[in-house]
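*Asks:* With these hints in hand, go ahead and build the complete structure from the sequences.
There are 2 protein chains.
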Amino acid sequence: MRVLITNDDGISSPGLVALVRTFEAAAETYVVAPEHERSATGHAITLHKPLRAHPAVIPGSSVRAWATNGTPADCVVLGILDLLEGRRPDVVLSGINVGPNMGRDLTYSGTVSGAMEGAIFRVPSIAVSIGAFRNPIFTVAAEFAMHLARAILERGLPDDTLLNVNVPNLPKEEIGGIAITRQGPKRYVSRLEKRTDPRGRTYYWLTGEPAPLPDEEGTDSWALAQGRISVTPIGLDLTDGGLREAMEAWELQIPR
Amino acid sequence: MRVLITNDDGISSPGLVALVRTFEAAAETYVVAPEHERSATGHAITLHKPLRAHPAVIPGSSVRAWATNGTPADCVVLGILDLLEGRRPDVVLSGINVGPNMGRDLTYSGTVSGAMEGAIFRVPSIAVSIGAFRNPIFTVAAEFAMHLARAILERGLPDDTLLNVNVPNLPKEEIGGIAITRQGPKRYVSRLEKRTDPRGRTYYWLTGEPAPLPDEEGTDSWALAQGRISVTPIGLDLTDGGLREAMEAWELQIPR
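Here the protein sequences line up with chains X and G, keeping their order. Quick note on numbering: the working numbering labels position 167 of the first sequence as 167, and the sequence is numbered without any gaps. Quick note on numbering: the working numbering labels position 103 of the second sequence as 103, and the sequence is numbered without any gaps.
Some clues are possibly wrong.
[Claimed, not checked] Just some of the chain X residues that point at chain G, by a computed CB distance under 10 Å:
(1) Ser39
(2) Leu47
(3) Pro50
(4) Thr71
(5) Val112
(6) Ser113
These aren't lab readings, by the way, just hints derived from the structure by calculation. Just so it is clear, CB atoms sit at the ideal spot from N, CA and C, and this is done for glycine as well.
*Replies:* Pasting the structure below:
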């Protein structure tokens, strides 16, 4: 198995290091990751400035690695089209992110966008996140990612799909199983902190807090609340079929 | 009708100006848009640096407008949470983008991400793009956006949905109608141009060209190829239901 690992927390993130150490024992492993944190970048790619990649060292590991000035999606492009020198990966992994990527997070998530770019290259791809922001336990998440990568190699994934994995921040013995979930409605409520700089000008910090929504059964956040690993199959087709049908009756017209 | 207009080409883009001029005659119109081009930003939000907004003038218009250092999604947050001073918009419009946003473009598109952010605030939202990169004709697109905004106000949109509109670059009399479409498989094939800078170091330009795919009936690109306006209902739930069902049989396990 040949894997390409990226993330959005940056190449020196402990979550990425944990994933690399687990995979390099069993797979031909490459890392192409942003040199700095690129959280909440969405599925951005860099068209307006030159991209650069320089060799990097992953602590305690001997894998080939590059740090780039790009987004997670840029990293996947750089890896597949140039840095891996034609060695097409069997799996793209993005993570391990510190903090969950669930519900409405998905459209913003740099971690998920790395896996999306893998899927666009038709490489089976997995985004992996830990469901807590503090004192993350990476072992279970890294081992489960390996288990899932092997399952994907055996069974394949349909075109234009990827897997979004969230692992509860618990020791292995406390994890209550695995749930194949749907993306839930959990979201952050955006908030602006308006401040004044020393020169008297206004600026804003964009922040947010989780909306107080109940966990709906079968969703990603419901699985995590139960101490289960959440695996959400994600597709690249964003069409809303129900609304499409309803709109046929709208009789829209070209204005005269 | 109160509208908030943003885009990803930047506040001085002719496509935005055309939209503003059409709407200000009939609606209370506000503009919050990036000061520079922010194409291919995906659904990025800015969490790691301060956001700033300064008053701006839209040529030939008297609407209130602000230019920001943020992404299209940041602009919508700034507008709704602060700049509009509590005047919640009835509709968020993003565009008019010069160049289509179809198929796989959608996950990368800054134009679409502005409308996505509107939908996250539960404001009915529309992304509008012109199907050509040169000599864009904005009139039909702007007038159709107005028609569609009025239809939405009358009928409403379901939560967590938005509309992605692509208008053929044709004079009004040559447009062959309106099609309610699904997101098609059209995509760009990424390509890297590897160069050497004057100091002898490698850098890359990320570029791409359209994949030579046939237009499938009922898709966004099929409608445009027929000279029709494409309206694609988009949802924020990315779950792939079919794969979710199939994966129940995978019997994934927590590694021992």
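*Asks:* For the hint on X:Leu47, just tell me whether its beta-carbon gets within less than 10 Å of chain G.
*Replies:* OK, holds: X:Leu47 within 10 Å of chain G, min 5 Å.
*Asks:* Should the interface hint for X:Pro50 be scored as holding, given a Cβ-Cβ cut-off of 10 Å against chain G?
*Replies:* holds (4 Å)
*Asks:* Return the status of the interface hint for X:Ser39: holds when the least beta-carbon distance to chain G is below 10 Å, violated otherwise.
*Replies:* holds (6 Å)
*Asks:* Do the numbers back the hint for X:Ser113, that is, is its least Cβ distance to chain G under 10 Å?
*Replies:* holds (6 Å)
*Asks:* Taking the least C-beta to C-beta distance, is X:Val112 closer than 10 Å to chain G?
*Replies:* holds (9 Å)
*Asks:* Can X:Thr71 be said to touch chain G, with a Cβ gap under 10 Å?
*Replies:* holds (8 Å)
This entry satisfies every hint, going by the numbered hints stated previously.
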